[in-house]
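S.K.: Sequence:
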Amino acid sequence: MNRRWMRALAALIMGFCMFFMAMTGRAEPLLSLPASAMALIECESGRLLEAMNEDIMLPMASTTKIMTALVVLESCEPDETVEVAKEAVGTEGSSIYLEEGEQMSVIDLLYGLMLASGNDAAIALAIHVSGSVEAFVDSMNLRAEKMGLTSTHFVTPNGLHDDLHLTTARELCLITREALKNETFRTIVSTKYHTAQSGAKTRTFKNKNSLLWDYEGAFGVKTGYTMAAGRCLVFGAERDGMTVVGALLNCRPMFETAAELLDRAFSDYEKQTVVRPGDPITRVFIENSAESILEVCAKGSIIAVMQKAEQHSFRTEALLYEGLSAPVMRGEVVGELCVWDGDVLVGSTELIAANDIRKKDLRYWLEKLICRFAA
22 MNRRWMRALA ALIMGFCMFF MAMTGRAEPL LSLPASAMAL IECESGRLLE AMNEDIMLPM
82 ASTTKIMTAL VVLESCEPDE TVEVAKEAVG TEGSSIYLEE GEQMSVIDLL YGLMLASGND
142 AAIALAIHVS GSVEAFVDSM NLRAEKMGLT STHFVTPNGL HDDLHLTTAR ELCLITREAL
202 KNETFRTIVS TKYHTAQSGA KTRTFKNKNS LLWDYEGAFG VKTGYTMAAG RCLVFGAERD
262 GMTVVGALLN CRPMFETAAE LLDRAFSDYE KQTVVRPGDP ITRVFIENSA ESILEVCAKG
322 SIIAVMQKAE QHSFRTEALL YEGLSAPVMR GEVVGELCVW DGDVLVGSTE LIAANDIRKK
382 DLRYWLEKLI CRFAA
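FYI, the numbering for the sequence shown is 22 to 396, going by the numbering used here.
These aren't lab readings, by the way, just hints derived from the structure by calculation. Built from N, CA and C at the ideal position, the CB exists for glycine as well. Accuracy of the hints is not assured; some may be wrong.
Said to hold, decoys possible - Computed list of lysine-lysine pairs in DSBU-like fashion (alpha-carbon distance at most 30 Å, straight line):
no., residue 1, residue 2
1, K292, K320
2, K227, K107
3, K202, K227
4, K381, K320
5, K292, K107
6, K213, K229
7, K381, K202
8, K329, K292
9, K320, K202
Unchecked claim - Beta-carbon label-pair distances, calculated as ranges:
no., residue 1, residue 2, range
10, K380, R207, 25 to 33 Å
11, R207, C392, 38 to 46 Å
12, A249, Q328, 22 to 30 Å
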């Protein structure tokens, strides 16, 4: 089997492992939770810490705007000027009261979208990016598909109710995890107040997420409400180097419940670095090579997010490509490394060559011959 096929197989294995990791190893659920669905993950590892009905498809109201903001930030520059289209004016629900023809920057509209939850801002941004709301929603669904989400479907960019506009608590956490990789997004959702200027008009947006004021380490993310969805909240906080993101769907005491879940996560879990970049993993004999032995090391780190009260015995599994042969260049990917805690996958990273392996070709033998005569 050639290297290209082995790399594809290893990528498939790694993807399955990451999915398996998110499916397992969570704590016992809370006995009573006033929500239709809930999920809580640790961001770096993707580990699912808490869950209840996490894979049931439900409406998510304005938490939709997390994906809206992500697609906008990946499609245009924050300082671009948006001319508000007629279709955005008078959008029902929460609004920043845009006027037709008004000009505002993308970044200011994003603040209006995420802090004030402006449904009209979502429409204005969608039309600016894609030319129509329908085309923008297609981009949202394509982005979800690229993330491997199978239970999320968008119909609007603002979360106004449609029977087919659905997601799950787990996938909402994964969307947020992806969005938080964008520093501009993270800055926006962690901002308490923002003042936007549009011509002679000044607007001040206040973040609707009270956790920013009331919970130490909170950085966002988005509130939502419709009659059909109930009260929804995507929340996040960071303490002691651990970042936790959660989603609550149809939860009336959403801020209190989020705080309880975060308290439990930070109390019960801790991060441990099991593998660091450059850690030596194994050695491989390479036939017909000048150096013979290939040193193999980890390309990235593997972080374990574990319950403090549990004892853990980690084991590593190195999945090397079959048929490795010279030449091999230092830094070349040669396999995958998985770390397990019992039958629970902790994480995975690529394996790379720590040294060059030259092939015993004509050039090699000529160099050997020259060196012998020179000696």
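S.K.: A separate judgement is required for each hint: does it hold in the structure or not?
M.R.: Right, here's what the structure says about each hint:
no.: 1; hint: K292 with K320; result: holds, 19 Å
no.: 2; hint: K227 with K107; result: holds, 25 Å
no.: 3; hint: K202 with K227; result: holds, 23 Å
no.: 4; hint: K381 with K320; result: holds, 27 Å
no.: 5; hint: K292 with K107; result: violated, 50 Å
no.: 6; hint: K213 with K229; result: holds, 8 Å
no.: 7; hint: K381 with K202; result: violated, 45 Å
no.: 8; hint: K329 with K292; result: holds, 9 Å
no.: 9; hint: K320 with K202; result: holds, 20 Å
no.: 10; hint: K380 with R207: 25 to 33 Å; result: violated, 47 Å
no.: 11; hint: R207 with C392: 38 to 46 Å; result: violated, 57 Å
no.: 12; hint: A249 with Q328: 22 to 30 Å; result: violated, 36 Å
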